[in-house]
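These protein sequences, in sequence, are chains W and H.
Quick note: the first sequence, position 398, residue 409 per this note's numbering, numbers continuous.
Quick note: the second sequence, position 366, residue 377 per this note's numbering, numbers continuous.
Misleading hints may appear alongside valid ones.
The calculated lysine-lysine pairs, modelled on DSS-like cross-linking and capped at a C-alpha distance of 25 Å, are [as the list claims (entries may be wrong)]:
id, chain 1, residue 1, chain 2, residue 2
1, W, K411, H, K485
2, H, K502, W, K36
3, W, K410, H, K485
4, W, K502, H, K464
5, W, K411, H, K36
6, W, K410, H, K42
7, W, K485, H, K410
8, H, K179, H, K207
9, H, K411, W, K485
10, W, K464, H, K502
11, H, K36, W, K410
12, H, K42, W, K502
Note that these hints are calculated values from the structure, not bench results.
There are 2 protein chains.
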Amino acid sequence: MYPDTPLDQINGIMQQAHLAFLSYKNLEGKKRAAFLRCIADEIEALGEELVQTAMRETNLPEARIIAERGRTTGHCRMFAEVAEEGSWVEARIDTAMPDRMPAPRPDLRKMLVPIGPVVVFGAANFPLAYSTAGGDTASALAAGCTVVVKAHPAHPQTSTLVAGAIQKAMQKTGMPPGVFQHVYGSSVAVGQALVKHPLAKAVGFTGSLAGGRALFDLASQRAEPIPVFAEMSSINPVILLPETLKRNPAAIAQRLAASITLGVGQFCTNPGLVIALEDEGLRAFIDHLARIIEESLPGTMLHTGIAQNYHTRLKRALEQQGVQVEAAARQEGTAMQGRPLVASVPAEVFLQNAALAEEVFGPFSLIVRCGSWEWFNRVISHLHGQLTATVQGDEDELKKHPALVNMLVEKAGRLIVNGVPTGVEVCAAMMHGGPYPATTDSRFTAVGRDAIKRFARPVAFQNFPDSLLPDALKESNPLLIWRMRNNQWGKE
Amino acid sequence: MYPDTPLDQINGIMQQAHLAFLSYKNLEGKKRAAFLRCIADEIEALGEELVQTAMRETNLPEARIIAERGRTTGHCRMFAEVAEEGSWVEARIDTAMPDRMPAPRPDLRKMLVPIGPVVVFGAANFPLAYSTAGGDTASALAAGCTVVVKAHPAHPQTSTLVAGAIQKAMQKTGMPPGVFQHVYGSSVAVGQALVKHPLAKAVGFTGSLAGGRALFDLASQRAEPIPVFAEMSSINPVILLPETLKRNPAAIAQRLAASITLGVGQFCTNPGLVIALEDEGLRAFIDHLARIIEESLPGTMLHTGIAQNYHTRLKRALEQQGVQVEAAARQEGTAMQGRPLVASVPAEVFLQNAALAEEVFGPFSLIVRCGSWEWFNRVISHLHGQLTATVQGDEDELKKHPALVNMLVEKAGRLIVNGVPTGVEVCAAMMHGGPYPATTDSRFTAVGRDAIKRFARPVAFQNFPDSLLPDALKESNPLLIWRMRNNQWGKE
């Protein structure tokens with residue numbers, strides 16, 4: 012029904028993306044904003060058809076799809092605001108000093124400009140919010156980049172509907188053709204051809220470690236390497252401090268169980284690892300957790316591949332020596348379902364077996380039982396890069412462990428106290444990204460206002476006549492944006 | 012005299028850099044500032060010995076070394092200011108909304124934190140300003156990273172003196188040992204071992220395309236890829252608009268000749284390419300340029316390798332079919348000297364021979380003669396990524412060519428009108444970097460205040476008790492920095 016885009020069309024598509032870029036990049040922020048708002052409107056106008064299609068293709072429940080649609084239109088409107096307000100370009104102005112000795116200082120003005128055509132890979136687990144009109148697409152369009160989206164093969168029809176909405180918005184707001192293009196590829200060849208094309212200037216991807224790393228390698232090996240923003244693999248450790256745990260084992264278990272099973276565990280921020288001292292508090296916690304997990308229900312997963320992958324990886328994790336199952340949902344579920352399960356392992360075993368630190372994408376969490384603070388610290392310093400790290404601990408107890416937060420800052424992009432990692436707020440202060448293998452570029456966030464910075468690069472204009480400067484850098488500040496002028500922030 | 016650091020010491024060095032990082036990263040900005048200012052003082056305290064040593068090792072004249080020392084201490088003090096002032100961390104605060112429906116918003120606060128130990132490779136052509144205490148080292152230290160510098164083998168003694176000054180500053184300001192370390196390596200093995208070490212988190216390099224690309228490839232192929240900021244190769248095109256040229260052929264020739272021959276052409280911003288319409292204005296310009304070049308003097312180059320490289324590459328360029336010499340310095344000079352030379356080639360030939368777009372590091376420039384606007388535009392769109400692109404054109408004539416600046420923005424990090432590319436101002440609005448192969452990461456500058464951003468990554472703190480937040484994010488804003496709070500800029 013959705014045959015792969017023929018490889019011999021990729022060059023034409025990228026040429027068009029490039030051509031469109033050369034005009035789209037100069038469009039005023041408010042026009043890009045109008046386009047993004049129109050995309051949001053058109054997605055909403057798809058109404059029930061979009062909801063039903065996404066439900067059918069992903070097995071996600073209606074409420075989730077509706078919430079995700081809200082998130083998608085929400086970030087389109089947020090990036091519209093960012094583009095329209097305009098200060099995101101980080102304008103810097105250093106005015107000329109013609110009399111400076113020994114040499115005059117020229118007038119220098121710098122701002123971020125869009126990086127070029129961006130290739131976006133839709134994600135399986137967010138058919139709307141991280142797919143065709145997802146955060147990558149919306150932030151790239153807001154920055155002034157053109158976008159080529161490869162539809163995720165697990166939900167091509169949803170992707171086609173959203174692509175249609177974007178194309179309608181292009182027509183309604185008079186965007187040049189080629190600002191947004193949509194291709195299909197169930198084989199890897201289509202994605203590879205896009206990433207290797209010389210006119211592609213950046214890549215956005217959300218998916219597996221193997222997939223993300225393959226794209227990163229391909230992009231790094233190009234004659235002209237390009238940045239890849241791949242969000243890949245994270246087990247989102249949750250650290251339980253013993254005094255706090257002892258006081259609230261039931262509440263913490265409840266909170267965590269809800270996070271483990273949320274959306275059948277199909278979130279990049281799913282808490283896949285719990286680290287705690289082995290004591291009676293932990294025992295009580297596990298007992299509470301076990302009761303909740305046992306009563307939880309298996310859920311239908313996104314698609315056959317994801318379900319098979321969960322079963323295979325879960326089986327493999329449970330087969331490792333020293334791993335013991337603490338609790339599993341009573342109901343086993345079908346081959347398409349993910350069964351919530353929690354296991355535990357002693358720290359010594361965890362540290363010696365790299366397989367235990369790998370992501371099991373689904374409703375599974377592994378508790379690492381640490382016999383002493385020494386093991387506890389070794390487990391934490393052993394962690395790979397993560398999207399998030401969570402600590403359950405009250406203020407007094409946290410203060411006793413200053414080295415803990417100090418160490419976690421090196422491991423994750425977002426640190427959470429007494430919350431859960433699932434639930435990624437779309438706002439300026441969000442960091443959704445982290446050291447490898449969580450993402451390929453820990454210097455940028457994939458969610459929130461600053462996600463726009465992934466698709467831009469600075470350019471300085473030296474000694475330019477004012478009339479030839481971009482508006483963001485003109486002397487009169489016609490856009491009224493925040494600028495750093497001779498090292499002072501201001502709007503004048 | 013300076014044997015290579017044994018490879019079996021690299022692990023210990025990187026372990027120490029990591030250990031020092033875990034405490035240094037938390038040091039207040041004003042303490043890092045005191046350290047950087049002390050480095051500047053200690054470099055000045057080296058006095059005449061440093062000047063004489065650098066002169067002997069690099070063949071650069073005294074005035075240049077003294078100016079470069081001023082630039083080096085200047086950027087140490089500038090980054091001290093940036094670290095002390097503190098707003099560079101891009102603090103973002105989104106306060107909690109406990110009553111928001113359908114779900115409460117947690118308190119989220121984000122800031123840039125230092126990325127980890129940085130490996131810095133000294134540059135041959137700037138023994139002070141881009142070497143041991145160069146912009147990479149100073150900005151990394153300002154960000155809170157620890158640094159391991161590999162001395163450039165062409166000036167190990169200069170490097171050792173500066174390293175001694177930094178180490179003295181470490182002692183005087185009580186820095187943890189390992190904040191700065193200095194190694195030697197005339198073989199590539201030492202640099203490779205540093206870049207491959209798992210505790211290295213970023214790399215700074217200034218040098219050849221081959222060298223920079225090799226480090227980039229090595230870093231990208233690591234189990235955990237790390238960013239490489241390599242500044243490599245740029246021919247810095249200068250575009251002459253015909254009407255302006257016709258009016259001022261002598262003045263433009265004088266300005267350009269001075270830039271071509273400055274420092275024996277040993278600058279990454281040396282104008283190696285001139286693009287112009289073939290007309291009488293160009294002929295007049297070439298005549299003026301030829302007279303100045305003929306009277307210019309060969310200069311002793313940095314070291315044997317650079318001189319040999321200039322002669323080999325120049326010979327190769329001149330051997331290409333269609334290239335004609337327009338002028339050469341009358342005096343041929345010695346094997347260690349670079350002889351200023353200007354050649355020209357028709358656009359048709361330039362476009363067909365990729366070798367002509369390669370950098371010839373030294374006082375050489377190639378003029379591309381375009382028979383029509385069509386050829387002119389084709390030459391410009393054919394350009395690789397550059398550090399700079401310069402246009403000689405007055406405002407009225409520039410306005411007639413809006414597509415020109417539009418195209419150049421895609422090609423270079425800094426655009427200059429009616430100036431020369433040499434002379435890189437150290438300020439907030441500077442962009443020293445550009446699309447590949449100018450640098451490996453066009454999203455960052457190597458010079459100026461924003462160079463600090465290369466060595467940092469964002470981390471978000473969710474739901475943290477105020478007492479456990481870094482000062483930059485505390486509710487009371489104790490550092491008095493600029494922050495974005497609920498999408499509004501301010502200092503409260």
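Evaluation of the provided hints:
1. K411(W) x K485(H): holds, 19 Å
2. K502(H) x K36(W): violated, 32 Å
3. K410(W) x K485(H): holds, 16 Å
4. K502(W) x K464(H): Status holds; Cα separation ~23 Å.
5. K411(W) x K36(H): Roughly 20 Å between the alpha carbons, so the hint for K411(W) and K36(H) holds.
6. K410(W) x K42(H): holds, 23 Å
7. K485(W) x K410(H): Holds, at roughly 16 Å.
8. K179(H) x K207(H): violated, 29 Å
9. K411(H) x K485(W): holds, 19 Å
10. K464(W) x K502(H): The hint holds at about 23 Å.
11. K36(H) x K410(W): holds, 19 Å
12. K42(H) x K502(W): violated, 31 Å
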